[in-house]
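Trainee: Protein chains in written order, with the UniProt record's numbering: chain L, 1 to 456; chain S, 1 to 456.
Heads up, a few of these hints could be off.
No copy is singled out in the list; a pair is fine if it fits within one copy or between any two copies.
[Unchecked claim] Below, in silico cross-link-like pairs of lysine to any residue (SDA-like), each with a Cα-Cα straight-line distance of 25 Å or less: (1) K54 with G403; (2) K54 with G139; (3) K54 with H283; (4) K154 with A419; (5) K154 with S103; (6) K222 with W441; (7) K54 with A118; (8) K222 with R276; (9) K54 with P379; (10) K222 with T363; (11) K54 with R218; (12) K154 with H351.
Read the hints as simulated data drawn from the structure, not as lab findings. Every value quoted in this text rests on a predicted model; they were computed, and no experiment measured them.
Number of protein chains: 2
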Amino acid sequence: MTHLVAIGGSDAGISAALRARELDPTVDVTVVVADAYPNYSICGIPYFFSGDVKPWQSLAHRTHADLEATGMRLRLDTLATSIDVGGQRLTVRDISGAESQISYDELVVGTGALPAYAGIAGLEQLTPADGVHVIHSMGDTFALDEHLTERDPKTAIIIGAGYVGLEMAEGFTGRGIQVTQLQRGPEVLSTIDPELGALVRAEVVRHGVTVHTGTTVRSVEKTAAGLAVHAERDGRAVTHTADLVLAVVGVRPNTALLEAAGARLGAGGAVVVDERMRTGLPHVFAAGDGVTTHHVLLGSTYLPLGTTAHKQGRIAGENALGGSAQFAGSVGTQVVKVFDLVAARSGLREHEALAAGYRPATTEIIADDHKRYFPGAQPLSIRITGDTRSRLLLGAQMVGRLGTETAKRIDTFATALFAGLTVEQVSDLDLSYTPPLGSPWDAVQVATQAWSRTHP
Amino acid sequence: MTHLVAIGGSDAGISAALRARELDPTVDVTVVVADAYPNYSICGIPYFFSGDVKPWQSLAHRTHADLEATGMRLRLDTLATSIDVGGQRLTVRDISGAESQISYDELVVGTGALPAYAGIAGLEQLTPADGVHVIHSMGDTFALDEHLTERDPKTAIIIGAGYVGLEMAEGFTGRGIQVTQLQRGPEVLSTIDPELGALVRAEVVRHGVTVHTGTTVRSVEKTAAGLAVHAERDGRAVTHTADLVLAVVGVRPNTALLEAAGARLGAGGAVVVDERMRTGLPHVFAAGDGVTTHHVLLGSTYLPLGTTAHKQGRIAGENALGGSAQFAGSVGTQVVKVFDLVAARSGLREHEALAAGYRPATTEIIADDHKRYFPGAQPLSIRITGDTRSRLLLGAQMVGRLGTETAKRIDTFATALFAGLTVEQVSDLDLSYTPPLGSPWDAVQVATQAWSRTHP
Numbered sequence: 001m002t003h004l005v006a007i008g009g010s011d012a013g014i015s016a017a018l019r020a021r022e023l024d025p026t027v028d029v030t031v032v033v034a035d036a037y038p039n040y041s042i043c044g045i046p047y048f049f050s051g052d053v054k055p056w057q058s059l060a061h062r063t064h065a066d067l068e069a070t071g072m073r074l075r076l077d078t079l080a081t082s083i084d085v086g087g088q089r090l091t092v093r094d095i096s097g098a099e100s101q102i103s104y105d106e107l108v109v110g111t112g113a114l115p116a117y118a119g120i121a122g123l124e125q126l127t128p129a130d131g132v133h134v135i136h137s138m139g140d141t142f143a144l145d146e147h148l149t150e151r152d153p154k155t156a157i158i159i160g161a162g163y164v165g166l167e168m169a170e171g172f173t174g175r176g177i178q179v180t181q182l183q184r185g186p187e188v189l190s191t192i193d194p195e196l197g198a199l200v201r202a203e204v205v206r207h208g209v210t211v212h213t214g215t216t217v218r219s220v221e222k223t224a225a226g227l228a229v230h231a232e233r234d235g236r237a238v239t240h241t242a243d244l245v246l247a248v249v250g251v252r253p254n255t256a257l258l259e260a261a262g263a264r265l266g267a268g269g270a271v272v273v274d275e276r277m278r279t280g281l282p283h284v285f286a287a288g289d290g291v292t293t294h295h296v297l298l299g300s301t302y303l304p305l306g307t308t309a310h311k312q313g314r315i316a317g318e319n320a321l322g323g324s325a326q327f328a329g330s331v332g333t334q335v336v337k338v339f340d341l342v343a344a345r346s347g348l349r350e351h352e353a354l355a356a357g358y359r360p361a362t363t364e365i366i367a368d369d370h371k372r373y374f375p376g377a378q379p380l381s382i383r384i385t386g387d388t389r390s391r392l393l394l395g396a397q398m399v400g401r402l403g404t405e406t407a408k409r410i411d412t413f414a415t416a417l418f419a420g421l422t423v424e425q426v427s428d429l430d431l432s433y434t435p436p437l438g439s440p441w442d443a444v445q446v447a448t449q450a451w452s453r454t455h456p
Numbered sequence: 001m002t003h004l005v006a007i008g009g010s011d012a013g014i015s016a017a018l019r020a021r022e023l024d025p026t027v028d029v030t031v032v033v034a035d036a037y038p039n040y041s042i043c044g045i046p047y048f049f050s051g052d053v054k055p056w057q058s059l060a061h062r063t064h065a066d067l068e069a070t071g072m073r074l075r076l077d078t079l080a081t082s083i084d085v086g087g088q089r090l091t092v093r094d095i096s097g098a099e100s101q102i103s104y105d106e107l108v109v110g111t112g113a114l115p116a117y118a119g120i121a122g123l124e125q126l127t128p129a130d131g132v133h134v135i136h137s138m139g140d141t142f143a144l145d146e147h148l149t150e151r152d153p154k155t156a157i158i159i160g161a162g163y164v165g166l167e168m169a170e171g172f173t174g175r176g177i178q179v180t181q182l183q184r185g186p187e188v189l190s191t192i193d194p195e196l197g198a199l200v201r202a203e204v205v206r207h208g209v210t211v212h213t214g215t216t217v218r219s220v221e222k223t224a225a226g227l228a229v230h231a232e233r234d235g236r237a238v239t240h241t242a243d244l245v246l247a248v249v250g251v252r253p254n255t256a257l258l259e260a261a262g263a264r265l266g267a268g269g270a271v272v273v274d275e276r277m278r279t280g281l282p283h284v285f286a287a288g289d290g291v292t293t294h295h296v297l298l299g300s301t302y303l304p305l306g307t308t309a310h311k312q313g314r315i316a317g318e319n320a321l322g323g324s325a326q327f328a329g330s331v332g333t334q335v336v337k338v339f340d341l342v343a344a345r346s347g348l349r350e351h352e353a354l355a356a357g358y359r360p361a362t363t364e365i366i367a368d369d370h371k372r373y374f375p376g377a378q379p380l381s382i383r384i385t386g387d388t389r390s391r392l393l394l395g396a397q398m399v400g401r402l403g404t405e406t407a408k409r410i411d412t413f414a415t416a417l418f419a420g421l422t423v424e425q426v427s428d429l430d431l432s433y434t435p436p437l438g439s440p441w442d443a444v445q446v447a448t449q450a451w452s453r454t455h456p
């Protein structure tokens, strides 16, 4: 009987284990999980803090019992410390510090990513006990929750204004905490163009968050008066103080285990895998936030996303049992809700496309989400990036209010990007229309038509 | 100077005129409009009756002044009565009955469709003055509005439970009118599978509409006691009475003008056009609800939709000026809001696919619109039809509550159908995810994965 071992209790590891059990119920599957919380939705953590999700247990995609019912074995609170590739054996350490070994026939590594510290002094040394937090695991979540519940902070500094930073700004604000958000770049949500990021910034400011962009944080320090964050803004040193500091400045691939086993690192310092999720090490597959991603428009890149981890894990699980599934590729589709606004993107932005050798151009339009005569019509801001040579659609970005179907409108672009459609082909699409929910030319097509007019 | 004449003031005719003026501001454009209401949104009429749209003038996509500002000339209240193809001349009759002629270099015919009467005796003879209505034009709209305002009907029978019939049931119900809806087929909204139609029926019934399916209306009669609708149900004769009757049993292409000019009729009795919207008559293009539609999966068919009329009109306008644009094809995408429910489809249903020579199979699933742990998650019912031989996606149907992004989720399928993706490729798509608005595997992918599991 084949013994498949998956390392990692998050999207990639669990997806691999589930797929293996689905394809072959006779296969023996063990999942090695570093903590006691397998299959938790890390993307949902901000909604625990906003109070939308209660209790924290409901953040589990599947319960422990659900997982065991599939026939997989879970080794919780167990850290994989090394892989003996030749011996097809894993060394693990349990919570008591005791080491043991697990033999495998096939291994899927889904160790994910770790919080980045972006060179900010003090971040690695200060802990939740000091009032300095990250939120990357359920353990981080409990520590932050304890802080909020027991110490009732009135003010918080969030370092970073990306997806999680903005979601946490919303969550803290909803609890009555005064938030100061510090962002290195010129605008919040640096994954979209600043023209659209400005709309997101206006939304968080409208809800009472103080936002400082162009602010490079240098260090975090614990003082008698609270936590001090020292930064540089417009060439001048500035200091902000608060009761609590949350650092959400991105992630870095957690590659130590595979690196020590001899795997090769590539884009973003992630472990190189091919489209079948093979690492090049015999019988060792890898998936998720620790590995490179095949991007339809870019080739191999590093783009850690939960959706990708689910897909890659599933493929790794299938191929570990001898399958030949291929990861079809990401187009970098992302969406975030920030208070009452939704911001989404798919594909490349102009500078990314340029760096990849395309000849891109971008246009922006504003179009109503549905016929203006029907109550509640709202403007959508849409930016289209296309290749002026091949006319291929390269990317789309969109900001609209909650309720404007912005999230699923970006999926039209995601599908078009996946299928390799031109900008003009998007204008030709037969999209749905009823006056309360759309227009005869949907907003996405108003946008692509504008691009075509501007770049004939 | 080229003189382009468009016949028809609705989507096709106006789109042709707009496109021509956009491409060449020197071209002379005349639009012959049978009534005084060019460029009105016929799809919006039900929302005038529901009270969502006020005043009726806001139903205009563009005002008269907007249209004239583009440089086109409008000949309102003018009916085109014949085309002299050889002489490139049109005979028209104005509201006084006087005939005149209009010469053209290029002609675009967009005469649209007429209400169907489905062989129901009395429908053609009885008029709004008798309390019997259709709603296909602004004239019909005013007549029905006058009836509602001046005679305050308490009860209405709607014959037909398609898109407009259901929208009008909602509109009447909102005004306090007790609606009885009679539908020939076994379920309401016969454009989707009855399994999903049943959900729509439950929604209208929940709002107080009395629905009788399996009811074939034979005649409408004016009696002393009101209007009597005689029908057959389960082999027995039944009669329903009400203060008002609205017949919305579909449309038939309005082809008289082009037929008399020598054009060929095809699918659904519509005028045959090629993908460039040419009728085969020299210098005569046609577009919209009166002509055949190129369907990506079916070839030439009859499928009158406003979205298609806009696209075809635009192409006719471009080609009338010597262009060579092609209509890329419909995939039959449709959506309707019925009270708080949204029903949508794209592509083919199983029996349609079978008739077209595919080897179709269909599966149905229910999946949440977003992560269940975030408040407000709602079930989406999704049916997928795929070809078991080629694995091509053939069609998708979906019903969900308002706010579940159902309308724009169907667009993912519409884009996939347009691009010729397989069912498995839809599962591979990189769709957007954030817990309040989706899932790591979007509901559309839960549906396609289920299809693949059922038909391996």
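Trainee: So, for every hint listed, does it hold in this structure?
Mentor: Here's how the hints hold up against the structure:
1. K54 with G403: For K54 and G403, the Cα distance is within 25 Å both inside one copy (23 Å) and across copies (22 Å).
2. K54 with G139: within (17 Å within a copy, 55 Å between copies)
3. K54 with H283: neither (41 Å within a copy, 68 Å between copies)
4. K154 with A419: Neither: 49 Å inside a copy, 53 Å across copies.
5. K154 with S103: The answer is neither: 51 Å in one copy and 78 Å across copies each exceed 25 Å.
6. K222 with W441: Neither, since 56 Å and 42 Å both go past 25 Å.
7. K54 with A118: Close neither inside one copy (32 Å) nor across copies (55 Å); limit 25 Å.
8. K222 with R276: neither (47 Å within a copy, 72 Å between copies)
9. K54 with P379: between (33 Å within a copy, 20 Å between copies)
10. K222 with T363: Neither: 46 Å inside a chain and 59 Å across chains, both beyond 25 Å.
11. K54 with R218: neither (36 Å within a copy, 57 Å between copies)
12. K154 with H351: This pair counts as neither: shortest intra-copy Cα distance 40 Å, inter-copy 63 Å.
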